[in-house]
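A.B. asks: Sequence:
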Amino acid sequence: MNTRVIIANSSHADVISSIGKQSFRDAFAHLFKNKEDLLEYLEYTYHRDKILKSLEKENNVFFLAFVENVPVGFAKAKKYSLNEQIESIAQMELQKIYVLSYYHGSGAGQALLQAVIDLANKVQPDFLWLDTHIDNGKAIRFYERNGFRKGGKYLFTIGTQTFAYHLMCLPLAVMETC
Numbered sequence: 000m001n002t003r004v005i006i007a008n009s010s011h012a013d014v015i016s017s018i019g020k021q022s023f024r025d026a027f028a029h030l031f032k033n034k035e036d037l038l039e040y041l042e043y044t045y046h047r048d049k050i051l052k053s054l055e056k057e058n059n060v061f062f063l064a065f066v067e068n069v070p071v072g073f074a075k076a077k078k079y080s081l082n083e084q085i086e087s088i089a090q091m092e093l094q095k096i097y098v099l100s101y102y103h104g105s106g107a108g109q110a111l112l113q114a115v116i117d118l119a120n121k122v123q124p125d126f127l128w129l130d131t132h133i134d135n136g137k138a139i140r141f142y143e144r145n146g147f148r149k150g151g152k153y154l155f156t157i158g159t160q161t162f163a164y165h166l167m168c169l170p171l172a173v174m175e176t177c
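Under numbering that gives the first Met the number 0, the residue at position 108 of the sequence shown is numbered 107, and the numbers go up by one with no gaps.
Some hints could be false.
What the hints assert, rightly or not - In silico DSS-like links for lysine-lysine, alpha-carbon gap of 25 Å or less:
no., residue 1, residue 2
1, Lys49, Lys20
2, Lys49, Lys77
3, Lys137, Lys77
4, Lys137, Lys32
5, Lys121, Lys52
6, Lys152, Lys77
7, Lys152, Lys78
8, Lys20, Lys34
9, Lys52, Lys77
10, Lys149, Lys78
11, Lys78, Lys49
12, Lys32, Lys77
13, Lys56, Lys77
14, Lys32, Lys152
15, Lys149, Lys121
16, Lys32, Lys20
17, Lys78, Lys20
18, Lys137, Lys20
19, Lys49, Lys34
20, Lys152, Lys137
21, Lys52, Lys20
22, Lys34, Lys137
23, Lys77, Lys149
24, Lys78, Lys52
25, Lys56, Lys20
As the list claims (entries may be wrong) - Have a look at the derived ranges for each label pair, beta carbon to beta carbon:
no., residue 1, residue 2, range
26, Asp134, Thr44, 11 to 21 Å
27, Glu143, Arg47, 16 to 26 Å
28, Glu42, Tyr153, 22 to 32 Å
Treat the hints as calculated values from the structure; they're not laboratory data.
Cβ atoms here follow ideal geometry from the backbone N, Cα and C, with glycine treated the same way.
Construct the complete structure from the given sequences, taking the supplied hints into account.
C.D. replies: Dropping the structure here:
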């Protein structure tokens, strides 16, 4: 399949919103005992206006993946974003990476991750970090295949529910470890 990745801009807010809502629902809806929490989170986090504001922030870079000219996924990187569990002030965060489930295995996720890593190589942080749900084995294996290592755990609350996440990081500087 022909996959390409572009840097997204404000004209892509609607498609990012749509992909985000659908991908998050597909990946995590089964974890929500209270479906209202899920719906409120999706509406807030992936509201078009929130995505638009995020696209306009200088610290954020969104990438949009296309397979055969169909938008299928996106990634959001924060060029300067600190996680207190990492002992470095030079950090970059891969805050979101989502691909529509139909396109899993298409190479879109790998292309998005590579675009973020390429950006990190330009920004030159010591670490690229992300978080992923502890039961998301598919994502954990994907990140580990790409050099990320588990570096800690933390809890995150959505509505009335609390979820456990792994902190994962990719050392980019010589001699750095997560």
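A.B. asks: All hints are to be evaluated individually against the structure, with a verdict given for each.
C.D. replies: Outcome of the hint check:
1. Lys49 with Lys20: Cα-Cα ~13 Å, so holds.
2. Lys49 with Lys77: Answer holds: Lys49 to Lys77 is near 15 Å, not above 25 Å.
3. Lys137 with Lys77: holds, 23 Å
4. Lys137 with Lys32: holds, 22 Å
5. Lys121 with Lys52: The given pair, whose Cα atoms are some 24 Å apart, holds under the 25 Å limit.
6. Lys152 with Lys77: Roughly 20 Å between the alpha carbons, so the hint for Lys152 and Lys77 holds.
7. Lys152 with Lys78: holds, 22 Å
8. Lys20 with Lys34: holds, 14 Å
9. Lys52 with Lys77: holds, 14 Å
10. Lys149 with Lys78: The hint holds at about 20 Å.
11. Lys78 with Lys49: Holds: Lys78 and Lys49 sit about 18 Å apart, inside 25 Å.
12. Lys32 with Lys77: violated, 31 Å
13. Lys56 with Lys77: holds, 9 Å
14. Lys32 with Lys152: OK: Lys32 and Lys152 at ~22 Å, within 25 Å.
15. Lys149 with Lys121: holds, 24 Å
16. Lys32 with Lys20: holds, 18 Å
17. Lys78 with Lys20: holds, 23 Å
18. Lys137 with Lys20: holds, 19 Å
19. Lys49 with Lys34: Judged against 25 Å, a Cα distance of about 21 Å means the pair holds.
20. Lys152 with Lys137: Since the Cα atoms of Lys152 and Lys137 sit roughly 17 Å apart, the hinted pair holds (cutoff 25 Å).
21. Lys52 with Lys20: holds, 17 Å
22. Lys34 with Lys137: Roughly 23 Å between the alpha carbons, so the hint for Lys34 and Lys137 holds.
23. Lys77 with Lys149: Given that 25 Å is the threshold and the Cα spacing comes to 19 Å, the pair holds.
24. Lys78 with Lys52: holds, 16 Å
25. Lys56 with Lys20: Holds: Lys56 and Lys20 sit about 21 Å apart, inside 25 Å.
26. Asp134 with Thr44: 11 to 21 Å: holds, 20 Å
27. Glu143 with Arg47: 16 to 26 Å: violated, 34 Å
28. Glu42 with Tyr153: 22 to 32 Å: holds, 24 Å
When held up to the earlier numbered hints, the structure conflicts with 12, 27 and fits the remainder.
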